[in-house]
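Chain by chain, the residues run as shown.
4 protein chains.
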Amino acid sequence: MSAKAGRVLLAYSGGLDTSCILAWLIEQGYEVYAFMADVGQEEDFEAARKKALAVGAKKFFLEDLKREFVTDLIYPAVQANCIYENVYLLGTSLARPVIARGMIEVADREGCDFVSHGCTGKGNDQVRFELAFYGLRPDIKVVAPWRLPEFYNRFPGRQALLTYAAEKNIPVVQTASKPWSTDENLFHISYEAGILEDPSITPPDDMWKLTNSPENAPDLAERIAIEFKQGLPVKVVVPADAKEYTDAVDIFVALNALGRKHGVGRIDIVENRFIGVKSRGCYESPGATILRAAHVDLEGLTLDRNVRALRDQFTTVAFSRILYNGHYFTPEREFITSAIPTSQRTVNGIVRLKLYKGNVVVEGRESEEALYDSQQSSMDELGGFEPTDTTGFIAIESIRIKKWAQANITRGLGGVTAKDVYGRA
Amino acid sequence: MSAKAGRVLLAYSGGLDTSCILAWLIEQGYEVYAFMADVGQEEDFEAARKKALAVGAKKFFLEDLKREFVTDLIYPAVQANCIYENVYLLGTSLARPVIARGMIEVADREGCDFVSHGCTGKGNDQVRFELAFYGLRPDIKVVAPWRLPEFYNRFPGRQALLTYAAEKNIPVVQTASKPWSTDENLFHISYEAGILEDPSITPPDDMWKLTNSPENAPDLAERIAIEFKQGLPVKVVVPADAKEYTDAVDIFVALNALGRKHGVGRIDIVENRFIGVKSRGCYESPGATILRAAHVDLEGLTLDRNVRALRDQFTTVAFSRILYNGHYFTPEREFITSAIPTSQRTVNGIVRLKLYKGNVVVEGRESEEALYDSQQSSMDELGGFEPTDTTGFIAIESIRIKKWAQANITRGLGGVTAKDVYGRA
Amino acid sequence: MSAKAGRVLLAYSGGLDTSCILAWLIEQGYEVYAFMADVGQEEDFEAARKKALAVGAKKFFLEDLKREFVTDLIYPAVQANCIYENVYLLGTSLARPVIARGMIEVADREGCDFVSHGCTGKGNDQVRFELAFYGLRPDIKVVAPWRLPEFYNRFPGRQALLTYAAEKNIPVVQTASKPWSTDENLFHISYEAGILEDPSITPPDDMWKLTNSPENAPDLAERIAIEFKQGLPVKVVVPADAKEYTDAVDIFVALNALGRKHGVGRIDIVENRFIGVKSRGCYESPGATILRAAHVDLEGLTLDRNVRALRDQFTTVAFSRILYNGHYFTPEREFITSAIPTSQRTVNGIVRLKLYKGNVVVEGRESEEALYDSQQSSMDELGGFEPTDTTGFIAIESIRIKKWAQANITRGLGGVTAKDVYGRA
Amino acid sequence: MSAKAGRVLLAYSGGLDTSCILAWLIEQGYEVYAFMADVGQEEDFEAARKKALAVGAKKFFLEDLKREFVTDLIYPAVQANCIYENVYLLGTSLARPVIARGMIEVADREGCDFVSHGCTGKGNDQVRFELAFYGLRPDIKVVAPWRLPEFYNRFPGRQALLTYAAEKNIPVVQTASKPWSTDENLFHISYEAGILEDPSITPPDDMWKLTNSPENAPDLAERIAIEFKQGLPVKVVVPADAKEYTDAVDIFVALNALGRKHGVGRIDIVENRFIGVKSRGCYESPGATILRAAHVDLEGLTLDRNVRALRDQFTTVAFSRILYNGHYFTPEREFITSAIPTSQRTVNGIVRLKLYKGNVVVEGRESEEALYDSQQSSMDELGGFEPTDTTGFIAIESIRIKKWAQANITRGLGGVTAKDVYGRA
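Protein chains in written order, with my numbering: chain V, 1 to 425; chain W, 1 to 425; chain Y, 1 to 425; chain A, 1 to 425.
This is chain V alone, in the form it adopts within the complex:
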């Protein structure tokens, strides 16, 4: 490849992999600009900047994307109760569109024809990043070294990278490598690979980074309250600290601190990657777990039953899959999210929670919305409608059921002893 391969914007982490990729890209004739996104991860950005420039990057860009991460991605996902395979709250998936958009902005501004990343060839993130790049700038060219034989054959393992780093004078942190990989942002941290690849092995206690274990969490429960407007948190009240939070990012940071303290939000699952491989992952999402519990609860009080059912079956499922598979910058995402605000118009009110050793306990909720009517729902008094109305309702509901039952009985399939039809095992 010529010395003038072009200008590439590299998603840089400061670690061994992307430092070697940086050097290798230069070796291939690229002019390399390094890009880092601050999406809330714990990171020494200044050290990373120095390192990138030392290794040979011509420029270094650090973009603070925390606010748009919260407002553009996290909050719509909260409104839609997004969840993947019943358990996973999608923390990595949510960050990818924001980071990719930040990169394309810089690439456009700085005249880069290429973008590059250090994702492996087997994971979800390569797909999420690249589909996002193409959805924003369809003619962008992507260099994915871990999928290029000339790269992955040259660097078959960590030792080969270390050798290359020594050769290129890339400084290597002398701490022992953790036997797993992580991805961290404001929403969560993920752990996968390494010793976690055996799904029967319990993760070691010292792996978990963002939360206390329930065992080590305080023995005293703590009460908080979250106020929502149109399905979005607008205030978190923490009486123990005599504090209130109203800014979107502040709210999320405060909930993370509360979840961390009380051991909330750890999961450990085997999930199905977009490419069809099963994978074991562990996650800590402290604030998001609290927020989801509160939001789901408030919807019980304030959301119409049929809206809830349709939203659950449609928006929640589709948006979660779109996020997981990296289909954010697509027409189907645009379609799916366009209905979220309508679903959340009435989701206004306050949820009171107790946090205690891993538990998020709803202790009460209130709302100005008038869909709940204690007199109407009361078993103890008349009101709202006549008991005789229900007789008519049941009569009409049973019309087709009686017809079917009668038809079964006529042909000898029905009645209490019928096995197949009536579900007696």
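Calculated from the structure, these hints are not laboratory results. Treat the hints with care, as some may be off.
One copy or any two copies: either way a pair holds, since identical chains are not told apart in the list.
What the hints assert, rightly or not - In silico EDC-like pairs for lysine to aspartate or glutamate, Cα to Cα no more than 20 Å straight-line: (1) Lys261 - Asp219; (2) Lys354 - Glu215; (3) Lys261 - Glu215; (4) Lys354 - Asp198; (5) Lys209 - Glu363; (6) Lys168 - Asp205; (7) Lys50 - Asp250; (8) Lys354 - Asp219; (9) Lys229 - Asp72; (10) Lys66 - Asp247; (11) Lys141 - Glu386; (12) Lys354 - Asp206; (13) Lys141 - Asp113; (14) Lys229 - Asp139; (15) Lys58 - Asp219; (16) Lys243 - Glu215; (17) Lys261 - Glu222.
Fit chains W, Y and A to the given chain V structure using the hints.
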């Protein structure tokens, strides 16, 4: 009404309401047989028998339906991960079909043309019972006193019932009435009505009956293991007690005891009743909560991704709604459950769990099923497929995304700054 | 009932039933205002006005709702390809919300506390009307005589109505009554009841009113073109008449005339009413049938695949059911329709059609939208992507399939001879 | 490649492409066996056999798969009303699993480690074939020449193939090549590519092969009757020919002949291929179109409403997509089709149809199933249930709607003039 109104089988609880209904039905000229189902609730059945006969029932039937409750209803619901409105595990809904079937069996055998129950005119249970009756015996006649003006106008409150009880020599337990209603069975206990009708009020600690509070649960975590075959629990191992359980009912009872001890399975929600009224309910489902966590986890390891997604969106949602709405003895239930066994063919393996103060923590899982392949999923080594294959996959996945992005850019709608299309808030 | 029962607004048709209802309501002490909606049906409105006033209505209101019928109801349904049970285009369902809204507007303005209608107690329309009334004015009171025992027991059949009409000097048209009922509007006409209640009987040729039979349609095909913007028809070109139509109502009227001429849009089905009863209905929807064929076709060219799939499974199904069941003025309708515009952003272009003896044949379509790319789709040339990319795509797509196949073979369930797994009958 | 590359089973068509591929595979060192499946296409199989052997195939296998095509694939799809993107009946998709299974059977028996096909690198069929191969024999190796650069670069167009054919003494039929591609089987014929790639061009009249045009179809309508048992056709009666057909294959052949005669079953669409490219296709499915119309109609009479709705939204959608995307030999297909028989238990009866110039008109249907009840559905008489029951039904149905309406009015959003909430455009 004549003295010979006919023979009615009354779902009898032994409490004030159904005792008064019993007396009232006799007053209306019915010959009354009393029916009780043992579905695992704590109850003095013998006392209830004596009371029913004392009040005037001609016969009393007690049916032990625990086993069919577990095998016919609970276990298919476990296989399908049934849940209503994200939170409620459907404990009352699951018992109703079994009780209704038991009643119709007795009614058929004993020549009853009528069945009767003490459900209120505003709840789900009247609907569940009656649709089940009609689905089994479409020509059965139902007497629902709480929906008959001649009954509910005569007994406008508890005091009127007490007066009537005194008049009819119905013995009344002199304990103070709890300020809420409950329904209990092997799967759960529910609390609703009374003081719970204000959804902002935290239930009092002494309401909860089936579980310790997390605060009062042991300070030491306990490990157990659950083995599944085809999605059904076949063995529970409790090392601390040096016990193993393999019988279906024993397994459920053992899990209940474990959940009770460790404070697992309390919820407090506002839900949407079938008749369209919102209602606040509290529930304790200790064993079921543990079982669901284990089953969902094992599916991660053993169930194909696409089967899981289709089953979640179809079977889980539809079966849960069918159960909640009392549509069990219907053709749609038959249709929906007919696909469950196929979905569970590979759900075989063992899940290891930690129980601690309200938490059910999955610590590991294993299976002979071969859908998980650690080498294939490994980020650290090649294997299973070529990294270059993923390049092709992404290229094909991006075809329509690039087309759409290009079209947007052409008409000025696309690119990183586009608000509507690209989701920047 | 006292002479001052209140003021009621009656949905009046001019026919025997609603004329008798009008007289009967007066007899019950109501002051009656009569309401008619012009939704495009063939009707002598002036004669109806005179008759209503002659029978005793204090006022008569005729509202022309054709335009809002087309723009508010019909066009969103066209955009969403609404259809019920695969066949029925929902013509009656679509008119009901518009008529109900018109009635409530008049009732509000004229101080009516009651509304009344002549729908039978077994059909869909009573439900659609009343749920719409309540969705707009929850405290409105509805008088539905055909569900009041004092009315339906007094008028057990047509002869009783005729006798009453004679007694009340209600003029009766001396034409023989048709042996079926109809409901007509701009969108369609429906036929049901009477001789049609035997679903094996072929409707007589002279029943069909809005269309020629295919046999009697012209022997020469006719070509037209329909242009859509954002999924809505904005121009219909009829070369044979040298005409173009661009107004929303004009377009629909013109398509009706074309469909009528060429025998398009008859159906005959057994459908499932909301109340659970099966019912045989025949329908003619000439213009709507043409429009739907064109819209569905244009979406093939202009709509993204994933948007289409999600829209079909979500919007189309849910909106069709909402319309059929009369749930228009509900939060779920608001939720569902809020996503339609996003789905139709790219549905712009022209469809050319041939109409011939009942057939609507798409002959070609074109669009400025750029999602179709003949070079990319071409089997005959390279372009758009590399054939080798597809190899990678298939490799990744087959990962989980191979895993599953290998697992089956290992346990003796797989391979070509496996019956259960591989679907050999 | 060495002279001992291995033994390959080639899906052979007798045409120019696969003949050149055959020669080229030999050139690459493979021993080539040729395979043809008789799935009902018009073909001179004997000529193809001679040609394959002449070009150098060591063996030739012709498998008659018509019956299993009908019984294993077509009939379940008929039961599920399968359709893709509202229009396409999936004729090519349905044949692929049967052909692939036939090939793998021969490959297993004859010791072939490779299979090969002549599908292009841009279409659906390569994916369908290969995923089917892998789903049956996960270790099979596939040679897809049109995705191999060494092949497609050598043969950039038809002329290069003709030159190669001359060089290899491959006989070439001297008829002019059609300006489109076709795929034919018992179910349908497809046309795509060539001049059809411009979606605005009307296909020429002489393209259509399997059906008369409606214009050229007989001027006299013809009546037939189709009897179904459990959703499957078991008898077709053709009075005009005094014939009845009861064998599965005979039935399909007879319906094809009827559809051909009367011009039934042509479509012309732009569809979305699995790989995300839009593609224009024309199809003739004469028998299948008739069968679908009859089956959909009979379900109206015999299938429970809720089963139908769930089946439509679940089975139909999922099975259609599975078939289109070539996911037949997968766990999700197994899951989805396992519920079909239950859904069809009551779909028994006879549908009478009129065929006339492209129209399939249902003229009546009858069934022993008792879900339809003319007295119950009758608008003209009481029966089945009380009109007053419907009052209760509507009262209960309106509870949540009234609550919502009242809440809207209270906050100024409701009432007849509300734009956003009430859908006034």
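Evaluated hints:
1. Lys261 - Asp219: both (11 Å within a copy, 18 Å between copies)
2. Lys354 - Glu215: both (17 Å within a copy, 12 Å between copies)
3. Lys261 - Glu215: both (11 Å within a copy, 16 Å between copies)
4. Lys354 - Asp198: between (35 Å within a copy, 18 Å between copies)
5. Lys209 - Glu363: The answer is between: 17 Å across copies meets 20 Å, while 28 Å in one copy does not.
6. Lys168 - Asp205: So Lys168 and Asp205 fail the 20 Å test inside a copy (36 Å) and across (65 Å) alike.
7. Lys50 - Asp250: neither (29 Å within a copy, 64 Å between copies)
8. Lys354 - Asp219: both (13 Å within a copy, 19 Å between copies)
9. Lys229 - Asp72: Only inside one copy: Lys229 and Asp72 sit 16 Å apart there, 30 Å across copies, limit 20 Å.
10. Lys66 - Asp247: Answer is within; shortest intra-copy Cα gap is 12 Å, inter-copy 49 Å.
11. Lys141 - Glu386: Between copies only: 15 Å across chains, 68 Å inside a chain, cut-off 20 Å.
12. Lys354 - Asp206: Between. Shortest inter-copy distance 17 Å satisfies the 20 Å Cα cut-off; intra-copy 26 Å does not.
13. Lys141 - Asp113: within (6 Å within a copy, 38 Å between copies)
14. Lys229 - Asp139: Classified as neither; 40 Å inside a copy, 28 Å across copies.
15. Lys58 - Asp219: neither (52 Å within a copy, 57 Å between copies)
16. Lys243 - Glu215: neither (26 Å within a copy, 25 Å between copies)
17. Lys261 - Glu222: Within one copy only: 10 Å inside, 22 Å across.
Hints 6, 7, 14, 15, 16 from the earlier list are contradicted by this structure; the remaining hints agree with it.
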